[in-house]
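Asker: Input sequences plus hints: build the corresponding full structure.
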Amino acid sequence: MSFCPPAHLFIFTGMEAIALATILQYLVYGLQLGSVYALLALGYTMVYGIVGMINTAHGDFLMIGALGTYFIAKLFDSMSIDGTYPMLAVGCIILIATVMTGGIAVGVEAIAYRPLRNKPRMIALITAVGVSMFLTNFPRALPFIGPNPRPFPTLFTPKTFNVLGASITSTQIIMIVLAAVTMLALDRLVAKTKIGAQMRAVSMDKDAASLMGINIDKVISITFFIGGALAAVSGICYASVYPQVEVYMGSWLGNMSFVSAVLGGIGDIRGAMLGGFILGIAQIFATAINSTFGYAVGFIILIVILLVKPAGIMGKVTIEKV
Amino acid sequence: MKKILRILCLALCVIMAVSVCACGPSEKKGSVETIKIGLAFPMSGMAAMAGKYSTHGADVLKEELGGKITVGDKEYPIEFVVMDTEGSEEKTANVYQKLIEEEKVIAIAGPDSSKCMLAAAPIAQNAKCPAITSFGTNTAVTEVGDYIFRACFIDPFQGAVAAAYCDGQGHKTACIMFNNADAYSVGLKDAFVENYNGEVLAIEEYSGSDVKDYNVQLTKLAAQNPDVLLLPNLNVELGLQIQQARTAGLNCQIVCGDSADTPDVAKVAGPAIEGVAYVSAFSAESTDEAAKKFVDAYVELHPDELPNSNAELTYEAVKMIVWAIQNAKTLDRAGVRDALAAIDGLDLPSGKMTMDPETRNPIKGGIIMQYDADGITRYVSTVNP
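Protein sequence lines correspond, in order, to chains A and B.
Numbering of the first sequence is given in the numbering used here, commencing with residue 1 and proceeding in unit increments.
Numbering of the second sequence is given in the numbering used here, commencing with residue 1 and proceeding in unit increments.
Since the hints were derived computationally from the structure, they do not count as laboratory data.
Straight-line Cα separation of at most 35 Å, DSBU-like style, residue types lysine-lysine; simulated pairs:
| # | chain 1 | residue 1 | chain 2 | residue 2 |
| --- | --- | --- | --- | --- |
| 1 | B | K364 | B | K68 |
| 2 | B | K3 | A | K119 |
| 3 | B | K172 | A | K159 |
| 4 | A | K159 | B | K220 |
| 5 | B | K212 | A | K74 |
| 6 | B | K292 | B | K329 |
| 7 | B | K128 | B | K36 |
| 8 | A | K119 | A | K206 |
| 9 | B | K267 | A | K74 |
| 10 | B | K293 | B | K364 |
| 11 | B | K212 | A | K159 |
| 12 | B | K2 | A | K119 |
| 13 | B | K212 | A | K309 |
| 14 | B | K267 | A | K159 |
| 15 | B | K352 | B | K74 |
Here are a few chain B residues that face chain A, going by a calculated C-beta distance under 8 Å:
| # | residue |
| --- | --- |
| 16 | Y206 |
| 17 | S207 |
| 18 | V268 |
A virtual CB, placed ideally from N, CA and C, is assigned to each residue, including glycine.
Answerer: This is how it looks when you write it as structure tokens:
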């Protein structure tokens, strides 16, 4: 009888629960998008930190990774049951695609960027624009690829979980966890291994490092390989949640991840991670307010951070000694 | 350095001089001049799929003509000049300039998108060259001038067809998600809202084809629980939208505009495509004589695909031009224009067509198609609102 709590209390907690569920849902979407940006921003940041150039063609490595996975998965079609692949096949597909993209990245570096290493930075930037155009349009010109969007194969079977009213699929969990693990692994690599020490040395002073006996070409090639591989993983994650791959998918994501890298502090690995997640979450919540605002928020953040703290959130302002 | 610079400049001048000479007037074969028809379609870029189908549709007519056309008692060689608009407004305007000034075409068919047509139509109007858009459905297109025609229905008509279908199916409430950066999407949404007898619960929008994440907007719409979801958007966006809509919990009927008529939409959307209905100009399943002839000829040229609305409307646009050339009082652009405006009862794969001389829009019906579980479209009904 009077054991029932007052009705208005129920309604209040009900509404709160709905609001919490929606916010959690948006947070899930934000983390999903953020992990894509973060993985891609890592490549940007590493190349900038070690070589000193902004590789605007990086978004296209993502596209190559995603498209490559599409075609490699076709090779494994015989193993697929009902559209999904066994775990071993999935592992193989991802490995092949990642290594292939890393290899292409190394090739791009050797052909396009290495000859310009000692030239002014502006030239390398312009070359990057040209590389980006080539990487986008060459696959488009190939008849078996073409400009058509393609459906990405289902690598991870989605199972939906309901957490506090928000639904999160196993694909999203895998994505976010994969991104986090990769970033931690990279952090470890740079901090603790010999090659990591070499990379840090080259980023501090290229000439002094070469005087110390470090093979600059090898270090830079490895950097590009890792960047390309990360871009491929990012592409696979992105395409798993938005399963439409086409040759133009890299440009928008590349721009957004560049903003993330700048936001977090370009040259700093943790900064790239942070920037990526912040931008992803910001975009989702901004879209919830107004869709045009969501589209613009990336650029607004870029302008604001450059005005307020140009070194980025985790970046340190270095004074160049002339 | 100076010497190299001088040689380079000289080489540049020579190249420019040679190219100017090469751009001279086209050769006349004896006294019979080649009639040229321009085809302006997106062969690259985001809209390349539509462009591919469009040119394949024009191929059917090319095969039919066999390179020559009979006007009166004289036979002329006929040539189709295809140019890539890349789906962008500036490029389309350039293509129109080239086709009109350099190639001296007698008429232009294409492009297929409203926004590109709106950008290029003033050029055709000023040069007094007749231009027919195959699939530009926005009303403003033919309002540019009396030299601009279209082969398809207009957005208000399409919106009315979609609204009539929803009313007919008994859907009392609707939600809409549209692209606020595209004239086609906005026009279709407006037309639907105007003609729909039920209640529009909520309208969400997104800014352009770059955006691939619609989860936020669709989650909001799912909370409204409508009977039908209208997605009046472009084919590169629809696949992901349909998939994300189902994941967000929208299990109602989805209705799209004519752009859903591309197989890639079904491929990307996957199993979510089942039951999605859309407005179409043409059904490959039509039992009409002229339609079957067209479908058979198309499949013979391109065995791996079935013609869709893009292909069929391009075929119609070019066929209209050819008919107009054959029935023109004078064999020039003005004559072709008048003949186009006077088309009455022309037999086309989508039915008998009459051109309205006042608005330069064709008078024809619209049909509803629906995707089944295998991603194949099935004819549902013809709607004449």
